[in-house]
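Make the full structure from the sequences, and use the hints.
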Amino acid sequence: ATLRNKRDDNLTVPHTLVMTATPIPRTLSLTIFGDLDVSTISGLPPGRSPITTKLVLPENSSKVYNYLRELIDKGQQGYVVVPLVEDTDSGLKAVTSHADSLATKYFQGKHVAFVHGRMKSEEREQTMRSFRDGGIDVLVATTVIEVGVDVANATMIVIEHADRFGLAQLHQLRGRVGRGSLPGVCALIASPTTTDATERLKAIVDTTDGFLIAEKDLAIRGPGELF
17 ATLRNKRDDN LTVPHTLVMT ATPIPRTLSL TIFGDLDVST ISGLPPGRSP ITTKLVLPEN
77 SSKVYNYLRE LIDKGQQGYV VVPLVEDTDS GLKAVTSHAD SLATKYFQGK HVAFVHGRMK
137 SEEREQTMRS FRDGGIDVLV ATTVIEVGVD VANATMIVIE HADRFGLAQL HQLRGRVGRG
197 SLPGVCALIA SPTTTDATER LKAIVDTTDG FLIAEKDLAI RGPGELF
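Heads up: the sequence shown runs through residues 17 to 243, numbered per the numbering used here.
Bear in mind the hints are in silico, worked out from the structure with no lab data behind them.
There's no promise every hint is true.
Under the rule of at most 27 Å between Cα atoms (straight-line distance), these lysine-lysine pairs were calculated in the DSSO-like manner [claimed, not checked]:
hint: 1; residue 1: Lys218; residue 2: Lys79
hint: 2; residue 1: Lys126; residue 2: Lys90
hint: 3; residue 1: Lys79; residue 2: Lys90
hint: 4; residue 1: Lys126; residue 2: Lys136
hint: 5; residue 1: Lys126; residue 2: Lys70
hint: 6; residue 1: Lys121; residue 2: Lys79
hint: 7; residue 1: Lys232; residue 2: Lys218
hint: 8; residue 1: Lys70; residue 2: Lys218
hint: 9; residue 1: Lys121; residue 2: Lys70
hint: 10; residue 1: Lys70; residue 2: Lys232
hint: 11; residue 1: Lys126; residue 2: Lys79
hint: 12; residue 1: Lys90; residue 2: Lys121
hint: 13; residue 1: Lys90; residue 2: Lys70
Cβ-Cβ distance ranges computed for the label pairs, FRET-style [stated by the list, open to error]:
hint: 14; residue 1: Pro199; residue 2: Thr32; range: 33 to 43 Å
hint: 15; residue 1: Gly107; residue 2: His31; range: 48 to 58 Å
hint: 16; residue 1: His31; residue 2: Leu108; range: 39 to 49 Å
For each residue, glycine too, the CB sits at the ideal point set by N, CA and C.
What follows is the structure in structure tokens.
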């Protein structure tokens, strides 16, 4: 609208390109109902590797972390995503305490660091730079890493309490791995208690196709209010 209002006459209408990386229900509904011509890029960028996704019950989480340890011993890196920044009474894992726990239990002798949205941006960027440069083996994080993080050597992502995250979030988080020549692994640690959570996790395990996931997301939670 701002571009349209800049014109000197009533004839010139600016061409507009709307881009969305993950077609969440909201953007999906806008493309369908916004009277736009739609171009779909369904292929992965060149050089990407396949990602294997597994749902693991919390009582089997030690197998997941032992496997991540094996990958790190081979020189690879990994992410661990948790829902909270600080501990609460909810029983959900938090960034700092979980990072400490992992460092002493599974990743002794390895460099474990953490990032979250309450850190100062310079501190967060410094940690991310160190991870990109290979100075950090395991990065424990909240969903701040779901976009704009591109580390080809990071091959595994573990998502704790995966049933607490939305489908688009899970898809974005999984997209942090498999970004180089090495195959990616995504381990969802969860014991879903609602039908919607079970449906979401089944959808993310069944396919890596963002369009199918968006359709499933639309079916589960709807498009939201358009106006």
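Item to check | Violated hints, by number in ascending order, as checked against the structure | outcome: none
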